[in-house]
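Enquirer: Here is how the chains run, residue by residue.
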Amino acid sequence: MQKNNMIICRCEEVTYADLKKTKEKYNCTARELKLRTRAGMGYCGGRTCRSAVDKIASSLEKQKEKDIIPLKYQPPVRPVSFADLGGEHK
Amino acid sequence: MTDRRILDHPILGEQKSQKEISFTFNQKEYKGLQGEPIAAALLANGVRTLRYHEESGTPRGIYCNIGHCFECRVIINGKQGQRACLTPLEEGMVIESPAPLPTPVRDWRYENA
Amino acid sequence: MHNGIIIGAGPAGLTAAVTCAENGLDVIVLDEYMRAGGRLLGQLYEQPDGKWWNGIKESERLFQQAVDLGVQFRFGTAVSNIEYLDDMWVIYTEKEVLQTSNLLLATGAAESPVPVPGWTLPGVMSVGAAQVMTNVHRVKPGERGVIIGINVLSAAIAMELQLAGVEVASLTLPRMSEVTDVEAHPKEVMDSLLHVSHMAPSPFVKLGSKFMKGDFMKKMGAAFYPKNGVKMWDIPIQLRKAVIEIYGENQVEGVTLATINSKGDVVPGTEENIAADFVCIAGGLYPLAELAAIAGCPFYLVEELGGYVPLHSEEMETTLDGLYVAGNITGIEGAKVAAAQGHVAGLSIARNNGIRSLDYKIMDAIQHVKTTRDHAYIQFHPQIQKGRSKIQDQWNTYQRNVQEV
Chain C
0 MQKNNMIICR CEEVTYADLK KTKEKYNCTA RELKLRTRAG MGYCGGRTCR
50 SAVDKIASSL EKQKEKDIIP LKYQPPVRPV SFADLGGEHK
Chain P
0 MTDRRILDHP ILGEQKSQKE ISFTFNQKEY KGLQGEPIAA ALLANGVRTL
50 RYHEESGTPR GIYCNIGHCF ECRVIINGKQ GQRACLTPLE EGMVIESPAP
100 LPTPVRDWRY ENA
Chain U
0 MHNGIIIGAG PAGLTAAVTC AENGLDVIVL DEYMRAGGRL LGQLYEQPDG
50 KWWNGIKESE RLFQQAVDLG VQFRFGTAVS NIEYLDDMWV IYTEKEVLQT
100 SNLLLATGAA ESPVPVPGWT LPGVMSVGAA QVMTNVHRVK PGERGVIIGI
150 NVLSAAIAME LQLAGVEVAS LTLPRMSEVT DVEAHPKEVM DSLLHVSHMA
200 PSPFVKLGSK FMKGDFMKKM GAAFYPKNGV KMWDIPIQLR KAVIEIYGEN
250 QVEGVTLATI NSKGDVVPGT EENIAADFVC IAGGLYPLAE LAAIAGCPFY
300 LVEELGGYVP LHSEEMETTL DGLYVAGNIT GIEGAKVAAA QGHVAGLSIA
350 RNNGIRSLDY KIMDAIQHVK TTRDHAYIQF HPQIQKGRSK IQDQWNTYQR
400 NVQEV
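Those protein sequences? They're chains C, P and U, same order as listed. Going by numbering that gives the first Met the number 0, the first sequence opens with residue 0, and the numbers climb by one from there. Going by numbering that gives the first Met the number 0, the second sequence opens with residue 0, and the numbers climb by one from there. Going by numbering that gives the first Met the number 0, the third sequence opens with residue 0, and the numbers climb by one from there.
To be clear, the hints were calculated from the coordinates, so they are not data collected in a lab. As the structure is a computational prediction, the values presented were derived from the model and not from experiment. Some clues are possibly wrong.
[To be verified] To give an idea of the chain P side of the interface with chain C (calculated C-beta under 7 angstroms), a few residues: (1) Ser55; (2) Cys68; (3) Phe69; (4) Ser96.
[Claimed, not checked] Away from chain P, derived, C-beta distances all over 10 angstroms, residues of chain C: (5) Asn3; (6) Arg9; (7) Cys10; (8) Cys43; (9) Asp66; (10) Ile67; (11) Pro74.
[Said to hold, decoys possible] Restricting the straight-line Cα-Cα distance to at most 30 angstroms, the calculated cross-link-like pairs of lysine-lysine (DSS-like) are: (12) U:Lys335 - C:Lys65; (13) U:Lys262 - C:Lys20; (14) C:Lys65 - U:Lys369; (15) U:Lys94 - C:Lys71; (16) U:Lys262 - C:Lys19; (17) C:Lys65 - U:Lys385; (18) U:Lys385 - P:Lys15; (19) P:Lys78 - P:Lys30; (20) C:Lys19 - C:Lys65; (21) C:Lys54 - U:Lys385; (22) U:Lys262 - C:Lys71; (23) C:Lys71 - C:Lys19.
In this text, a Cβ means the ideal position worked out from N, Cα and C, and glycines have one as well.
Given these sequences and hints, build the entire structure.
Expert: Encoded structure:
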């Protein structure tokens, strides 16, 4: 298996090549990289791949901000089923 | 199944005896210990593949084993998205692997149109 | 209504719960795992006095102490969101919505990934996963494994696996790429390994620490390091090899190793396959602070603490009213430091609940955190003190800015 085919985001199966190509094409921030590729937007909420996606994105950014988290956290931090939202009675 | 279990440990000692129970995984019957995580019971039976990726169908097993990564999600008694690493095993549980979805969302993207 | 809610039943959360209950507070602890202990559960190592530190026993002891004091526990309960409404923290779980005026986030740490081609195959797991499977659930992760990533945590777990009768074929590096950090660099790894030297009964690291004092020597060490590695606890440690691929049809069958030069680059034509039925990925730990982030805490990146940490004081308060943090969410350290921080947080919560004359106790407890840190047997980051003062400086600056406004 080539290094380029290496999966970075396990949930959405986004590869190293996907991320690198997108980064080069759009010269984007970590957040934009995530939105364009769906890396970190799967079931786990980016808990597993976050730092790897950050690293790919930040290799182009001028300097890393120390007080801004590159990828925002948003609720819910755990998946919530439609049944739980709809108050299905058990 | 005993050889995959660490029954005696040089420091931790003997494993506390737990009740042996039956459950099914993908229609096959297995034995496990009551209250242990489903992932541990399946691994003790030599089962590593817990699900198949929704889009590509690649096999997946446990990754973080403590509930962070959701790689081990299975269908338990009909309820989907349950983590095998932190759900205690109970007698008669019916556990299934989620299969690839018939129409993966990514197919709708314009690149694939 | 509870006087306090604690998210996370690891060493920090449990100790905080005990402290709150001792001060007469009614507290509840939530954890998504099925039992108490968190990452403490998997820990097992021999201390300098020859006694074994058994994480399961320690967890059970703390849990029992909390239960005896009337602390309530909800296991298998994941928190999906928290928000501050009408001077109260509202906590959303799958089953219910809880409220409290004092909320402690003791959510611990998550493992950083080291993506490797083939790492989605069943049989590839984080090193912490293998630890829990082995020590807590007493099921072997496999018969023969390879650990990718050489650090304090993976070295300790390699030894634990061996203790349980699981063969570790190799402890080796990932291939260097844009997504790896210092963990793929032989010299950096050598540097950090010197800090586990006291744990090694074998001559390897001991020799290492004697000869590798200077930076120059470390470079030499990485350059002349024997290609086939050396052994620590009988486990081959290969600083001159990197895994370039994990292979297998439907699950792990082995890894392809290649020789790397002292800079971490692969030497072409040196690839070889080693059979294994499981692979552990050891990228180190980072503070799991997602709930602090959605609550609106300011964050600061402190490499020495393992990543982004929510701004907090020595008294374990965040900048938000009634929101506290303790344990690895504030930086990666051992369980004893986490417990000491939990004690401080518990006292701070009690004081905020109107319990009087706790100021001296809090000062003592803060001192105890420092003493525990100084005497820590395992240090995850050699510059932990520096990291702690960085966050303290940021806190002071923040407080000054707030006062000026």
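Enquirer: If a hint holds in the structure, say so; if it doesn't, say that too.
Expert: For each hint, the structure was consulted:
1. Ser55: At 6 angstroms from the nearest chain C Cβ, Ser55 (chain P) passes the 7 angstroms test, so the hint holds.
2. Cys68: holds (5 angstroms)
3. Phe69: Since the shortest Cβ distance to chain C is 4 angstroms, the answer is holds.
4. Ser96: violated (15 angstroms)
5. Asn3: For Asn3 (chain C), whose nearest Cβ neighbour in chain P is about 16 angstroms away, the distance exceeds 10 angstroms, so it holds.
6. Arg9: violated (6 angstroms)
7. Cys10: violated (7 angstroms)
8. Cys43: Cys43 (chain C) is in fact no farther than 10 angstroms from some Cβ atom of chain P, at 5 angstroms.
9. Asp66: Holds: least Cβ distance 25 angstroms, greater than 10 angstroms.
10. Ile67: Label holds. Min Cβ-Cβ 23 angstroms, cutoff 10 angstroms.
11. Pro74: holds (16 angstroms)
12. U:Lys335 - C:Lys65: Answer holds: Lys335 (chain U) to Lys65 (chain C) is near 28 angstroms, not above 30 angstroms.
13. U:Lys262 - C:Lys20: Since the Cα atoms of Lys262 (chain U) and Lys20 (chain C) sit roughly 26 angstroms apart, the hinted pair holds (cutoff 30 angstroms).
14. C:Lys65 - U:Lys369: holds (25 angstroms)
15. U:Lys94 - C:Lys71: holds (26 angstroms)
16. U:Lys262 - C:Lys19: Cα-Cα ~23 angstroms, so holds.
17. C:Lys65 - U:Lys385: holds (16 angstroms)
18. U:Lys385 - P:Lys15: violated (44 angstroms)
19. P:Lys78 - P:Lys30: Holds, at about 21 angstroms.
20. C:Lys19 - C:Lys65: It holds: about 23 angstroms lies between the C-alpha atoms, which stays within 30 angstroms.
21. C:Lys54 - U:Lys385: holds (24 angstroms)
22. U:Lys262 - C:Lys71: violated (34 angstroms)
23. C:Lys71 - C:Lys19: holds (20 angstroms)
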